[in-house]
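**Student:** Spelled out, the chains give:
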Amino acid sequence: MIELRLHKDVYDGAAVDAAMKQFGRYARLTARDEASHWVVQIEATTPARARTVAGELGNAALGGSAKARPAVQP
Amino acid sequence: MASLPSIPGELASADVASGVVRLTVREELYPLDAVFAAAFTFIKDCWVVVDRADAAHWAIALTPKAAGASAELLEQWVGGFANELLACAYRHRLAKDHRATVEAVTAAALAGALGPPSLDELEDFDFSNEAFEDPLGIAMSWEDKYGKKAKAGDAAPAGSTDDDDGGAP
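So the sequences go chain by chain: A and B. Heads up, the first sequence is in this note's numbering, so the first residue is 3 and it goes up one at a time. Heads up, the second sequence is in this note's numbering, so the first residue is 531 and it goes up one at a time.
Hints listed in this document are in silico derivations from the structure and should not be mistaken for laboratory results. Note that the structure is predicted; figures quoted are calculated from it, not measured. Do not rely on the hints blindly, as some may be mistaken.
Okay, derived cross-link-like pairs now, DSSO-like style, lysine-lysine, Cα gap no bigger than 30 Å in a straight line [unchecked claim]: (1) B:K574 - A:K23; (2) A:K23 - A:K69; (3) A:K69 - B:K574; (4) B:K595 - A:K23; (5) A:K69 - B:K675; (6) B:K574 - A:K10; (7) A:K69 - B:K595.
Let's have the full structure, built from the sequences with the hints guiding it.
**Tutor:** And the structure:
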């Protein structure tokens, strides 16, 4: 099992949810809400698969969070 | 975690066994938007996780997707990411500083794209406004500056014509 910890200052909650929906069919995903982090536990048939799902889920959450950011303010 | 020869140990470290390299940068120098922009260019080849190291620093973990990353390869990845991050931070600063200028130019371009004004709009336009102030009198028309100047005694008598040279018939 892999635990992915995504800081709330960086990752948007909706983006993490969307990424979990996207990759939920490739592994068993469990989310936990901590004070400073979104924690996603990933269980897959093999460690390599869990690692790949964790990495791609992290990338998807990062991309979604970047899109959710407001435009640059002067 | 091992330090990398070309990058100070307090900034970057590599875990060769796990194939992960970590970079720590100051938030004051590298805003989150710049970190996102740099990370975007690497997500095709790496798994990127951004975390907060402390109140003033971001911690970025890069894991190349290709298996079997060596220390040299990890160093190349983190060096490339650091360069990209610097460029993104600079672009972010430029965009922030010149936002008003970009908006003004864009607005002018859009206004021009609307097409020429209608006759009604021209009729309502106030042409009496001066184009700009010229307190020193620098702006001068070509005719005023280089045109023929009439002499005081050259005033043509009433009834004379241009071909009236006063000669014999």
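**Student:** Compare the structure with each hint and give your call.
**Tutor:** Okay, the hints, checked on the actual structure:
no.: 1; hint: B:K574 - A:K23; in the structure: holds, 20 Å
no.: 2; hint: A:K23 - A:K69; in the structure: holds, 17 Å
no.: 3; hint: A:K69 - B:K574; in the structure: holds, 17 Å
no.: 4; hint: B:K595 - A:K23; in the structure: holds, 22 Å
no.: 5; hint: A:K69 - B:K675; in the structure: violated, 59 Å
no.: 6; hint: B:K574 - A:K10; in the structure: holds, 23 Å
no.: 7; hint: A:K69 - B:K595; in the structure: holds, 23 Å
The structure shown violates just one earlier hint, number 5.
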